[in-house]
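**Student:** Given chain A's structure and the hints, the job is docking chain B onto it.
Take a look at the letters that make up each chain.
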Amino acid sequence: MSVDVHVLLFAKCRELAKTSTATINVPSEILASELLEKLVEKFDLTSIKDNIILALNEVYIENLNDRIVLKKGDEIAIIPPISGG
Amino acid sequence: MLGVEALRNERSRLRQEIADLRSAICKKEQSLRELEEALANGGGNGDGLADEGGERNTGTIQTQLTNDDIARYSRQLILPNFGVQGQLRLKNSSVLIVGMGGLGCPAAQYLAAAGVGYLGLIDYDQVERSNFHRQTLHTEARCGMAKTESARIALLELNPSCRIHCHSELINSHNASNIMRSYDVVLDCSDNVATRYLLNDACVIFRKPLVSGSALKMDGQLTVYNYGAQGPCYRCIYPVPPPPEAVTNCGDGGVLGAVTGVIGSLQALETIKIIVGGLGEVLAGRMLIFDGTTGQFRNIRIRSKRSNCHACSSQPLITDLIDYELFCGMHATDKDHPLQLLESDQRLDVQTYHDKLESQPHLLFDVRSTAEFEICQLSTNAINLPLAEVLDDSYLKRFAVELQNKDLPIIVLCRRGNDSQIAVQHMRNRFPDHSIRDLIGGLHAWTRKVDPDFPIY
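So the sequences go chain by chain: A and B. When the letters of the first sequence are read in order and numbered with full-length UniProt numbering, they come out as residues 1 to 85. When the letters of the second sequence are read in order and numbered with full-length UniProt numbering, they come out as residues 1 to 457.
So that you can see chain A by itself, here it is in the shape it has in the complex (with noise of 0.2 Å):
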């Protein structure tokens, strides 16, 4: 089964990503190692892979290895670091 849900991008994400919001659509089980391979491909966030925060429904997804549920209109952010100031 697969779910539609919202992702959000900040920052340099934006940028690579060419937008700031966007659905996709994803199985409703997957683990988090996967979700973060499906989002970087689709987002062209590989250059960043290693350094981007995924936080599911405003929370930080902390284990790569977890296997996470999804929901219809769950959101996720992409929030990559800010080093300026």
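Hints were generated in silico from the structure; no laboratory data involved. Just so you know, even glycine gets a beta-carbon here, dropped at the ideal spot from N, CA and C. There may be inaccurate statements among the hints.
[Said to hold, decoys possible] Reference listing, derived: stretches of chain A covered by chain B, where coverage requires no fewer than 3 residues with Cβ under 8 Å from a Cβ of chain B:
no. : region
1   : 26-37
2   : 57-66
3   : 69-83
**Tutor:** The following block gives chain B in isolation, referenced to the frame of chain A:
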């Protein structure tokens, strides 16, 4: 008669000299103030005198507010959970602000205004015109002065009772411990990745909370690292630094002053909460993400400590500060460094271009972004071809006709002569028989050597 260039050199020398003198006066005024304060306190034991070794003066702990304090801080004194005890805690606190730029200026302003007793300011850089739109403590008259000294002048006008120590140097692994040791809280208002890792590791080693803010373009981030038993550090969240090519600085990416203002002010707020205690929940274990384009704040619950963190776990690998420029592969400033990607015969000096080629038929590609191209153009012949369009080859179609003629020389330029080299490399691979060169030093060199009236940004 002196040449124009000599006159210009003389002008900048005089400006620098005046700025240095202003800075020296400011330092002497500060010493005088401290001396008068010491005398008024019946001193003579050196209490209240500025220390030059970076050690905070460990004066007596203030246990009472003066009448001036009560009048000055009345509006915050009457806040529930703040009160006299909160004000005294601020008065006895010492805060170190690293970076007196877009974040450091508003942060320092609110901390000095709120009555933090001792502020340390670190910045190696001098005030320049491109700072003013966001670095709101500096003024036109203080161009060329050390940013720390300039900020000190503004802060003392705001609150003469604040004691301020300027560290006008780049913080690094060698001086960090001496500078940081005596402060209660550290604010990361820096502008580069290497300094962020340095401050993190130092704050873990010296057990200080790190109030970390950052901003670029229309985005901002804020969190407090290394706070409380479970609070993560920067390395828990970002164990590895991003590759240099994925990092944009404010000089290249741009930033809006109101955005750094929001984040810097919030850094001051978190610092006050940490010092006063009981004012509310400190933003640790959470990250505030500010999107200035939509005006939205998001609070992401980030992880607690990483059990195998190299810095803050129970068995850390990093027990001493390391070489952070090496670790990150980037310099600890946000200044651009000239690249050297091309051979000298693949490059052209601006003067030679002006003298020999400008009037001949050629293609002049300006690879800056469209927004930058709008600011200024070298000539009416310049064609805006953003670097991204070169790298993704979309220019091939757009200039299909022009690129067929391999006798038409191609000149590529940008702001400072780095992106133009990347573009030339890419284009030469595709058109090895064309004459494709870049302008050394870009538009900055053009202003310096050919047309002093050409705008610089």
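**Student:** So which hints don't hold here, by number, going up?
**Tutor:** 1
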